[in-house]
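Participant: Take the given structure of chain E and dock chain V with the ligands to it, following the hints.
Chain order of the listed sequences is E and V. Heads up: the first sequence is residues 16 to 890, going by our numbering. Heads up: the second sequence is residues 7 to 121, going by our numbering.
No lab work stands behind these hints, which were simulated from the structure alone. There could be a bad hint or two in this list.
[Said to hold, decoys possible] Restraint ranges, calculated between C-beta atoms of paired labels, are given here:
1. E477/E with R120/V: 20 to 26 Å
2. V860/E with R120/V: 34 to 40 Å
3. D46/V with D791/E: 33 to 39 Å
4. P26/V with E828/E: 21 to 27 Å
5. V385/E with R48/V: 56 to 62 Å
6. P26/V with E809/E: 34 to 40 Å
[What the hints assert, rightly or not] Part of the chain E face toward chain V, derived, beta carbon under 10 Å:
7. K576
8. Y584
9. L588
10. M639
11. P643
Even glycine gets a Cβ: it sits at the ideal position worked out from N, Cα and C.
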Amino acid sequence: MSPHLRKKVVVVGHGMVGHRFVTAAIERGLTETHDIVVFGEEPRPAYDRVALTSFFEVGAEALSFLPSGAYEDPRVTLRTGTTVVEIDAAAQTVMLADGEEMAYDELVLATGAAPFVPPVPGAELGNVFVYRTIEDLEAIREAAKTAKAGAVIGGGLLGLEAANALHQLGVETHVVELAPRLMAVQVDDAGGATLKRHIEKLGLTVHTGVMTESISPDALADISVVDEDESGVLDGNVSALKFKDVEEPLAVDMVVFSAGIRPRDALARAAGLDLAERGGVLVDEQCRSSDPHVWAIGECAAPGGKMYGLVAPGYDMAEVVADALLGGAGTFTGADMSTKLKLLGVDVASFGDAHGTTDECLELTYSDAVTGVYKKLVISEDGTRLLGGVLVGDASAYGLLRPMVASGMALPENPEELILPQSTGGGGGIQLPPEAQICSCNNVTRGDIEAAVDNGCESAAEVTKTTKAGSTCGSCKVQVKKIVEDYFTAQGKTVDTSLCEHFSMTRAELFDVVLIHGYKTFDQIIEAHGTGRGCDLCKPAVASILASQLNGHVLAKENRKLQDTNDAYLANLQKNGSYSVVPRIPGGEITPEGLIVIGEVAKEFGLYTKITGGQRIDMFGARMEDLPAIWKRLVDAGFESGHAYGKSLRTVKSCVGSTWCRYGVQDSVGLAIMLETRYRGLRSPHKLKGGVSGCARECAEARGKDFGVIATEKGWNLYVGGNGGAIPAHAQLLAGDLTTEELVRYLDRFLMYYVRTADRLQRTSTWIDSLDGGLDRVREVVVDDVLGLGTELEAAMARHTETYFDEWKATLEDPEKLRRFVSFVNAPEIPDPNISFGSTRGQIVPDVADGPAVVGPVGLGATIPVGAPNLEESR
Amino acid sequence: MTQTQTQTYISVCRLDDIDPETGIAALVRGEAVAVFRTLDDRVFALSNFDPYGHASVLARGIVGTRGEVPFVASPLLKQPFALETGLCLDDPSVSVPTYEVEVVDGEVRIGAQRA
Ligand code: SRM
Ligand SMILES: Cc1cc2nc3c(=O)[nH]c(=O)nc-3n(C[C@H](O)[C@H](O)[C@H](O)COP(=O)(O)OP(=O)(O)OC[C@H]3O[C@@H](n4cnc5c(N)ncnc54)[C@H](O)[C@@H]3O)c2cc1C
Ligand code: SF4
Ligand code: FES
Chain E
16 MSPHLRKKVV VVGHGMVGHR FVTAAIERGL TETHDIVVFG EEPRPAYDRV ALTSFFEVGA
76 EALSFLPSGA YEDPRVTLRT GTTVVEIDAA AQTVMLADGE EMAYDELVLA TGAAPFVPPV
136 PGAELGNVFV YRTIEDLEAI REAAKTAKAG AVIGGGLLGL EAANALHQLG VETHVVELAP
196 RLMAVQVDDA GGATLKRHIE KLGLTVHTGV MTESISPDAL ADISVVDEDE SGVLDGNVSA
256 LKFKDVEEPL AVDMVVFSAG IRPRDALARA AGLDLAERGG VLVDEQCRSS DPHVWAIGEC
316 AAPGGKMYGL VAPGYDMAEV VADALLGGAG TFTGADMSTK LKLLGVDVAS FGDAHGTTDE
376 CLELTYSDAV TGVYKKLVIS EDGTRLLGGV LVGDASAYGL LRPMVASGMA LPENPEELIL
436 PQSTGGGGGI QLPPEAQICS CNNVTRGDIE AAVDNGCESA AEVTKTTKAG STCGSCKVQV
496 KKIVEDYFTA QGKTVDTSLC EHFSMTRAEL FDVVLIHGYK TFDQIIEAHG TGRGCDLCKP
556 AVASILASQL NGHVLAKENR KLQDTNDAYL ANLQKNGSYS VVPRIPGGEI TPEGLIVIGE
616 VAKEFGLYTK ITGGQRIDMF GARMEDLPAI WKRLVDAGFE SGHAYGKSLR TVKSCVGSTW
676 CRYGVQDSVG LAIMLETRYR GLRSPHKLKG GVSGCARECA EARGKDFGVI ATEKGWNLYV
736 GGNGGAIPAH AQLLAGDLTT EELVRYLDRF LMYYVRTADR LQRTSTWIDS LDGGLDRVRE
796 VVVDDVLGLG TELEAAMARH TETYFDEWKA TLEDPEKLRR FVSFVNAPEI PDPNISFGST
856 RGQIVPDVAD GPAVVGPVGL GATIPVGAPN LEESR
Chain V
7 MTQTQTQTYI SVCRLDDIDP ETGIAALVRG EAVAVFRTLD DRVFALSNFD PYGHASVLAR
67 GIVGTRGEVP FVASPLLKQP FALETGLCLD DPSVSVPTYE VEVVDGEVRI GAQRA
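Bound conformation, chain V alone:
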């Protein structure tokens, strides 16, 4: 079980490659994935594709908090997406897919797209 799960994760970079409170784009199984690191060193992975702007840009947005919820603002038209759930905070009927993600020995590893 541990064995199969490890195999579905792909290592994309070291945690240090991501500045706190920023994101980077990674290519995971042909998909563009935005990987974010918050100040407390938690890591989140979302599809990089902005459903409003139709462009692969979310990793380049500003990371912040709304209330307690960490989010990224799309650099195109500023819609906020929650890092944990991918939900658009201004319109919960819109969301971006999220991915399993973990940090092992300083390596950031992306797993499957969440259901």
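Pulled out of the complex, with its shape left as it was, chain E reads as follows:
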């Protein structure tokens, strides 16, 4: 063999671990000497199976690890939709389903695991599924469209995840578990019972301690084939589950098996490789099988005889083999099987020796049946070390407790404080050692996090970007943030969250202070809680807080000095000192008469007209002193303020929907008008925009809005946190298939929660990102109502809608407010000579002699960033 000849690595299986192996091989330089060929049985490249359930929400593309379908490194070939059917270890070849053979120098098996389907009669019926691939989920979604009730067989981690999916798909869901408790592997009896209560509260039915004896086909099959066809296999769709020792069968039209997984080791078995006793390709610490040129990684492998059903150990194995093929000595010696997840909105975590199997260990438990919280710590006999634990209902302490187990550090004096309710998960004064692994998914220690800060990371988000800590399962995020903040503090750096020099509070804190004290004016607030006389930062923020709480008129005498540029004159200031006028056109629907009025007004006052990006019409070039006369005409014709000037609801954009569109499934225009009318005038930390689309084609671009609604066959999907602008974001699903009533309830809560707790000039997307727990937290508060704030938030919104009035109409009725709309106090009849207009394409345009206002004339020595988004400036 000539020395320059490249060698070939064949990888069987392109799942999570196979993909990780390829990227590790590329990064470590294996492709300098080796060609890699990967065969994947699934029709698509590897995707994030851990996040499989979110497929319903985000689609296949978003889950993909390789959306382009190919690796950038040309020395790697990926062949999807291709199954390896045989290994000839002696000849060092593999055979594909179509008979093609391929030789290898090294073979890496990454075939994963398959769901275990117990040999129950009827398991082969139609509408019986497993939960492993995107294709499985597509089939489940299809069946759920017509199914009324479904059962998930298996109450473990994956079973509950599948149950969650069925529930979300609107199917009445039953969980059937053989063991006496849910999640038997991870939690103990008391934890399982707490979990069961949580899940039943959501409307799912849990059957524990029952054994499924058979699955019965539907009546149709009964008649036509008399239960069995020629092959002896049952035909038709499922209609019921029959349990052992239970009289009454459970009527269901679909079943999902989730009764555990089995390593896919058939290829290895046929090739004569050694297998572990309980399945899986037996490999050594370098993940090498009994054949020196065959390696196995991920769920198909059993290092030291034990298989691991989690992705992190598989990733470690992938790295070890890439290293070994380069002559490295890395080893895989076992993995931390700790887990934290959210199942049906319930936090569940288990870590270390969760079942207290260590000799003479002690258990410490905290349980609160009312709130559904159960926590258990397993502690060494001498009380000095934490060995493991279980958390249900509130797993915020997980990020601290898991590394405490792993690092073996000494327990604090009163270990019970670690699980008492007031513990925030930050863990008070506890300092983990630098080598404590904080992120187990990506193996990042406290020391790594601090080093990232030393190397210039300015926030937890940046640390996550550079170290990957927190980017996989997310369970360590709180802890990462805490370490970053503590480290900043230790260095004397403060993270300044004060509003401005006059208020050392955040906007959210100020909001609460104003609410608790019932303040009505800025003067009261700054005297009691601030210093100086305020500025252009805090005054509009206070104005917004007062307006959200009291819904008074923004130009009321005591508070009008607080109003920002646009609010001060209820119009948008333009570059030459003139204003624009935007009447509200709810949902973008307008009558011919309405259009004519707008046309006439614009003509009469000589205004420039343009259709805005928000589906309405803007009239530009109004002189301040003309605003009342313009609005008189508009108000008389039935128009209201469009609040284009306010930090408040702008528009709820609509598509034409089921009224006209042949695809529409709901009346999107009607809903958009209803929502825009409901939330008009609501003052908020930043502007708010909504959208409603009549079907999934999404012509209203609802997912680009702060709240977006998309019609489904069954109702409405509600998305939140979308944003166009400088940092675009797609809105994420908050809840699906809602009735209009549920939708409005969740939106009321969502918007009020935002109004109360966001920072000034924080759009919903950045606000959600800033919350501990992000969107999940929002869902807990808004949908699950864990803070019990639901009714209060709804009442606050009810107050807003009841007290809404059109502020332009009210202004026209009050001479005191109109007094300010003059060009010059001493010469109201003279228009400001500084405002003049030219003409372009047949309409007026501002005449600003010195060019665009943002470009400071050089002679003035101004230093204004040109073109950079000015985040302070916004209306």
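Facilitator: Frame of chain E, contents of chain V with the ligands only:
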């Protein structure tokens, strides 16, 4: 002397016409002048013209304090100008002209542009 000075002042409005901590625009000898009143009833007069935005708008800005210094933030791009001196607080090489101003018998009177 008192006589000539009185003649150069022009009465523009009553103090009560200006809400505390706000401004109004007045036309003085053909120039737009922004007149501000602070909480302690002091009165300041600046050119209404924003040198950054090139528009006559300063009277419509928010009035506040930075440290002890009373200022107005331009409603266009928020540059802060000290009410007493007209200096831009973020860039002392830029300033707006200021005017003599006094309150006599509740009348606000604007004098000459300061040098
Ligand atoms: C008039 C309009 C442009 C147009 O001719 O179409 C417009 C005009 C302005 N937008 Fe806008 N935006 C307009 C639709 C949009 C849209 C499209 C939409 O709403 O569907 C977006 C992106 C969607 C979004 O907001 O997420 C948009 C994103 C922005 C942003 C960036 C916000 C962000 O979160 O990054 C700003 C700056 C800000 O608010 O901080 C902005 C700010 C402004 C300001 C206030 C800029 C300024 O300082 O003068 C403009 C004043 C409006 C005026 O004088 O009347 N405008 N702006 C649109 C008015 C819509 C309406 O009917 O109310
Ligand atoms: C719903 C769900 C939720 C999960 N949640 C978590 C979690 O929260 N945390 C966690 O750590 N783990 C979780 N897991 C487990 C995790 O997904 C697996 O540990 C991980 O995917 C294992 O990776 P793998 O590459 O070994 O197997 P896989 O990802 O299954 O990849 C194996 C691939 O090999 C292919 N293949 C098999 N045989 C052949 C052949 N003969 N020829 C060609 N291709 C073949 C298969 O089609 C498959 O694409 C979850 C799994 C599921 C299903
Ligand atoms: S989103 Fe659907 S209903 Fe609305 S216009 Fe587009 S295709 Fe029609
Ligand atoms: S522990 Fe999973 S992302 Fe950090």
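Participant: Work down the list of hints and note, for each, if the structure agrees.
Facilitator: Going down the list of hints, with the structure as the test:
1. E477/E with R120/V: 20 to 26 Å: 49 Å, violated
2. V860/E with R120/V: 34 to 40 Å: 36 Å, holds
3. D46/V with D791/E: 33 to 39 Å: At 51 Å between Cβs, range violated.
4. P26/V with E828/E: 21 to 27 Å: 25 Å, holds
5. V385/E with R48/V: 56 to 62 Å: Given a distance of about 60 Å, which is inside 56 to 62 Å, the answer is holds.
6. P26/V with E809/E: 34 to 40 Å: Holds, at about 38 Å.
7. K576: 5 Å, holds
8. Y584: Constraint on Y584/E satisfied, holds at 7 Å.
9. L588: Where the cut-off is 10 Å and the nearest Cβ of chain V is about 6 Å from L588/E, the hint holds.
10. M639: Since the shortest Cβ distance to chain V is 8 Å, the answer is holds.
11. P643: 16 Å, violated
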